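Asks: These are the residues of each chain, in order.
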Amino acid sequence: MEASLLRLICSKISSRTRFFNLTLCNETVQQISRCSSTFNQTQSEKFRTAFRTEINDPRHHTLDHVGLYYQIPQEEVNGVLKTTIKESDMRLMKTFNEYCLMVRKPALELNGYIKNFNLNHPVPRFLLYGLKGAGKTCIMQYTMQHFHRENWIILHVPWAGRWVRGWYKEVSESSYKPGRYDTPTDGAEWLELFKTQNQGKLKNLKTTSEYIWTKREKAEIGTPLEEIINFGQTRIKFSSDCAGVILKELRKQAPLLGLKVLVAVGAVNAFYVQWDMLNALKNSEKKRLQPGEISLIHNFKKMLSPTWTHGVAVCTADVFANSELTRENYTPLYVLKQEGFEALDPFVPILVPEYTDKEALSNINYFIDHNWIQNDHGKTDEGKKEIIFVSNHNPLSLHKICSSL
Amino acid sequence: MASNIPWMTRLVRMNCFAKQRIYPIAISIFQDGNLTLNHVVQQQRTYDVKNDSTDHGENFSISPPKIENKPTTKTITISRAMKAYMERAKSHDNMMKAEVADYEIGKRHLANIMGEDPDNFTQADVDRAIEYLLPSGLFDKKARPLLKNPYEIFPKRKVAQFSLDGRPLHWLYFTALPNFYSILHDITCKMEDLKALEDKLLSENKTEDLNVPPLNLASSEWLTYQQLKDKFVEKVQEKDYQHFLVMMERLVSHPLSHRELPFIMAFRNMLTNESLDTNPPQIEYDAEGRSFSCAEGTRKDSWAYVKLYMPGTGKVTINGKDLSYFTNFLYRESLLFPLSLAGVIGQVDIEAEAMYGGPTGHCGAIRLAVSRALCAFVDKDVKEKLRLTGMLTRDPRKRERKKPGQEGARKKFTWKKR
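In order, the protein sequence lines correspond to chains L and C. Using this note's numbering, you'd call the opening residue of the first sequence number 691 and step up by one each time. Using this note's numbering, you'd call the opening residue of the second sequence number 76 and step up by one each time.
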């Protein structure tokens, strides 16, 4: 007998022992008989189907699956989605002992656009924008998983805000071009991420030009990209340059080799808006760096310009990468500011709305199924309505509220 | 007469030498010697020497005086105590007359200053004029300037408690609290009567008379200590008041107590039903035919105006934003409470406008307004539920003022030795 079902029966009996009646007897007997007969679908399974789908491949999801949960295999969580899932979500997933994501409507919309896009055109830009906690990053994860399965190369920046701030981050002047600054740790980190997210896709990629690091060290024409990555990781002084080389080679070779490249940037506004808090990156003269002066950002900005083909760029606009005084709105122009808006223009804005009633209910049912909501009132219809009201349909708020129920 | 009852004699012995204070106000001379027990003396007042005495000094409703001028052959001797009393009463009366005259003149002056008709200048006009002419920032309202009828300001006093020859009129005069003790005596007598009646009914096997439902006094409460003192115009002690309550409760708990209901209710305050008192908002219809009701609410310094549409889809708008106007979940939860209580979550649309103060005040004010607006749509039971949970009651707490010589309202400066 399934453990959760046993628990269900036990709890029912214990809560109603005082009012034990014949109907309960019947119920229990029926449930037990259902459990014993392995052919019949159990009550618990019926209950689960209300909020989850058996189709675990994002490529086969349709609008019918909106609001339903699907499972992500462990390899992809540790591979393509590594470090993209938020820490708190990760903890929750580990508690539930499964990695599940909800199918959302904007995600299907975005994937549909990308699927039907003619890759011979210059790179299109898609901008996901919405309220805090509405699920912009989750939708980006969904897209990444989808196109990872179609063997696209993924260039992912989990949260660009990290690249423009840091209390004791090492900042050194670029050896490639004066006036530009390298952040070696960030570069190495990104190389590591790139390597894990694109395992098995980089074998046939080789450089097409010569790169001279120092007088003695250089990369000949035809050096495999994996070697460049390894070099960047061992000599992290050149990690930003290595990242630049990889991006440049991909831009160059994508049309030639028929590669498909997905550029996914979280909080793209950090590329264009100056971070003006105290922990902003500074050069040796204690001058705050413009985002464009940081070589990683400079290189990634090129990926977002429509100068190359066989790629798609998906970005999120996160108001929390901007300074605290300008977080009132979430619209693209407000978040990206004039400069960023002009740089990305024309782009396809995709609004990520908050939960609909169906999605919120599905989320709550998922939590109830995993015993994350243990309060008895929370399991009733009235309680669910209350949770939805207090959360105001916001996924993040819903998560926070349910964590204490 | 008093010596017939043993406990009363004891009381008399104890209190007869106690300092007796008399509060003269209207001069009354009692010629009627026919005193009956168990009646408050003032109710038996028979004769007013001066008919112009006003009602201000009286404490109980007074039955019309019956005048019996018996022909008497005796010469009327007036005791020294009565003489002294009459003198004091006369001087007090004169003083009050002068005060009233002053008040009337003051009122006319005030009317002239304000440029209004002195003849039709009411007390409300006086209050308004004083607030205008002598604006006061004093915190305590009692400390602010006022002009009122002297009979409202000077304390009430008892009329003479003894006759011309100096004999007390009340049989419990020497207990010092005649009105109070006579009520206690009444209670005891009634209790004994009820017990006798109960025995009688039991012996006659009339159980249906005994098995009446117990008195339901939930809608009223006993007079407070202060109210009791005011009613008797006597300095009743706190412990005596407790004694009174115990005796009353004993009377009420008797199975036949409903027979004494009028007597019991004379010492109880009726509780008013708040939700019935306040006017519930009316259902209105807008241009599209949607039904809505409007209400206002306040909390702390905040003020809120709510338009509640029913039926709706659960949309909430606060100052142009949705529920994310409140970042703290606690505020959202408190807003949820009346809706949850009435079972209308997701069935009403709320359009709220909140001003002044902070988020706590806003949320409290909106909650109050929402609860009031809901009253237009929900049935009586739900309304009663809302009232009992305090949803319809304004939270009276306010910011406490800072005190001079202190750091805050209560906090003192850090103590330093020197």
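Keep in mind the hints are simulated off the structure, nothing from the lab. Do not rely on the hints blindly, as some may be mistaken.
Said to hold, decoys possible - Distance condition first, Cα-Cα at most 30 Å in a straight line; then the derived DSSO-like pairs of lysine-lysine:
no., chain 1, residue 1, chain 2, residue 2
1, L, Lys822, C, Lys314
2, C, Lys172, C, Lys158
3, L, Lys1048, C, Lys158
4, C, Lys460, L, Lys1074
5, L, Lys1048, C, Lys382
6, L, Lys893, L, Lys905
What the hints assert, rightly or not - Selected chain C positions facing chain L (in silico; Cβ < 7 Å):
no., residue
7, Thr347
8, Gly421
9, Asp424
The model shown is predicted, which means the values in this text are computed figures rather than measured ones. Where is the CB? At the ideal position from N, CA and C, for every residue including glycine.
Asks: For each hint, tell me whether it holds in the structure or not.
Replies: Going down the list of hints, with the structure as the test:
A hinted pair counts as satisfied when its Cα atoms are at most 30 Å apart, and L/Lys822 with C/Lys314 does not qualify at roughly 65 Å. For the proposed pair C/Lys172 and C/Lys158, the alpha carbon gap of about 21 Å is at most 30 Å, so the pair holds. At roughly 93 Å between alpha-carbon atoms, L/Lys1048 and C/Lys158 are farther apart than 30 Å, so this suggested pair is violated. Proposed proximity of C/Lys460 and L/Lys1074 is supported: the alpha carbons are some 22 Å apart, at most 30 Å.
Taken as a hint, the L/Lys1048 and C/Lys382 pair is honoured in the structure, with Cα atoms around 27 Å apart against an allowance of 30 Å. Among the hinted pairs, L/Lys893 with L/Lys905 is consistent with the structure: their alpha-carbon atoms are about 28 Å apart, no more than 30 Å. For C/Thr347, the interface hint is violated, since its Cβ never comes within 7 Å of a Cβ in chain L; the closest pair sits about 33 Å apart. Given the 7 Å rule on beta carbons, the hint for C/Gly421 holds: about 6 Å separates it from the nearest Cβ of chain L.
For C/Asp424, the interface hint is violated, since its Cβ never comes within 7 Å of a Cβ in chain L; the closest pair sits about 13 Å apart.
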